[in-house]
Amino acid sequence: MTDIVKKTAAETAAAIAAGEVSAVEVAEAHLDRIAKVDDRINAFLHVDAEGALAAARAVDAKRAAGEKLGPLAGVPLALKDLFTTHNVPTTCGSKILEGWLPPYDATVTRRLREADVVILGKSNMDEFAMGSSTENSAYGPTRNPWDLDRIPGGSGGGSAAALASFQAPLAIGTDTGGSIRQPGAVTGTVGVKPTYGGVSRYGMVAFSSSLDQGGPCARTVLDAALLHEAIAGHDPLDSTSIDAPVPAVVEAAKLGATQGIAGMRVGVVKQFAGEGYQAGVVQRFQESVELLRSLGAEVVEIDAPSFDFALPAYYLIAPSECSSNLARFDAMRYGLRVGDDGNHSAEEVTALTREAGFGAEVKRRIMLGTYALSSGYYDAYYGQAQKVRTLIIRDFEAAFTQVDVLVSPTTPTTAFKIGERADDPMAMYLADLCTIPTNLAGNAGMSLPCGLAPEDGLPVGLQILAPAMADDRLYRVGAALEAALLEQWGRPILDLAPAL
Amino acid sequence: MSAITREEVAHLARLSRLELSEAELDHFAEQLDAIVGAVARVSELPTEDVPPTSHALPMTNVFRQDVVRPAGTPVLDRAEVLAQAPAAEDDRFRVPRILGED
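Residue numbers (the working numbering), protein chains in the order written: chain A, 212 to 711; chain B, 15 to 116.
One thing to keep in mind: the hints can contain errors.
Claimed, not checked - These stretches of chain A come out as covered by chain B in the derived footprint (C-beta under 8 Å, 3 or more residues):
| hint | region |
| --- | --- |
| 1 | 444–456 |
| 2 | 526–536 |
| 3 | 557–563 |
| 4 | 572–578 |
| 5 | 592–603 |
| 6 | 656–666 |
Rather than coming from a laboratory, the hints here were simulated on the basis of the structure. Think of the CB as a built atom: it goes at the ideal place given N, C-alpha and C, for glycine as much as any other residue.
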């Protein structure tokens, strides 16, 4: 492995700006790495070598012309296949969109291009972002670089695995119930779900519109902050985009690493513990809480009784919204069409196409949502879930009057084996137990590695939660904890992963 | 709460425009029944006088000025869009018959 692919995004950008390495050399090193390892990982659904090299050449030309380069100019990135890319395949991990070439760029895609980020390709994911293991991809599962028999989390397993296997220093994910944070946790990488409305959803194929949020994935907290600032901010093309300044997350990450967190109040949520939590996960989490205390944080226990009902509320709200959003796949305007032989009506063609084009989890969720929204059941299911959502928001509000941030394990266990929960939806859904409440409340959350579980040697993630539009607090606390852990370990956690 | 039967799944599949196979009907009936049983827990929480939340952000309608958009604003190209359609004819999407069924 070359040194180039092991560098952080900040280091790579600085080296390119200083002329120590060209953007083309950086892109080529990463494309070589992909060619060498991705047949074993399956992090990418599509590698756009030509597009990546063209973008890299443009960065080198800018530098040669004496133009000032942005903070991520020339840095390679894996883009989750849920974001449209003009003329570059976008499948959302589904057969129903196989071969589709979008006629436009998502706002996130456009902003990455404007920041001179080099998009290497599209990363694998659970179909339409529904899943916690990337096993629901129609194009085969992604494997966890720590153990190829294990899942890399999901739905953004491709993005997280690309980072952990040094195929890209940056990636973009989307988080509806934990799809950025849980893959981050089980791969030993950093993932952030920004405040709902913080990053534009234009061109991000919709799963559950009131919960979906795009965000940054990286190997360090500072790199995540740099990417966060590149993609965040108001977008008139998204009616839910917040029209306010982006929280100063890069400054917060730098402050956390240098000034620490003395005097900050950190809440430990009582509900995120107990049955189902792996001993080694709990151990690393508790050690991290003690470390935060030793850094000068005041640790407070928080009681949020409604959080026990977040998982059932989520699995009514998200499928309900998904059943409506995925109605767009009607075989008429784009994507797959099956049964158009002159003998079937448009409605029959739609049903035949959706049957052939959607995988089992997508079908389950569409039908579950249809059930929860149907007359006679609406009040008991969808309506009741919306009321639980109100109680969850109230519990967060009460908590944030007492503390600046909340912390918990990101997910109750380390990476499980591929196939272990594949046909047991409820067991799969438990992976999102700690991440879901934040999505329901629209708040911000981060996962960062806090050690390896002693019993299996696999990464454990620590989750930090902050109020809406206080994303900077995640980075302040995350960077402080990251610096303290790095001092203990003496090297980045990914140095401990087996060589590929 | 009522259990999800095979007939119920067939009904949901029709509403969802999914032409499920016989084997899928059995499989999904079992799984959806387990999921609905688990999510029904939301009814255990007392919610009298609690208003529902459909969206975490305060939602307001968003208007824009009725002006010509500046160059560079994303606009879909008709030819490019139709090139991605399953079938197109005369600058339009071609669809299977929608009238005179049966």
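Here's how the hints hold up against the structure:
| no. | hint | verdict |
| --- | --- | --- |
| 1 | 444–456 | holds (count 5) |
| 2 | 526–536 | holds (count 3) |
| 3 | 557–563 | holds (count 7) |
| 4 | 572–578 | holds (count 4) |
| 5 | 592–603 | holds (count 10) |
| 6 | 656–666 | violated (count 0) |
Violation of the numbered hints given earlier is confined to hint 6; every other hint is satisfied by the structure.
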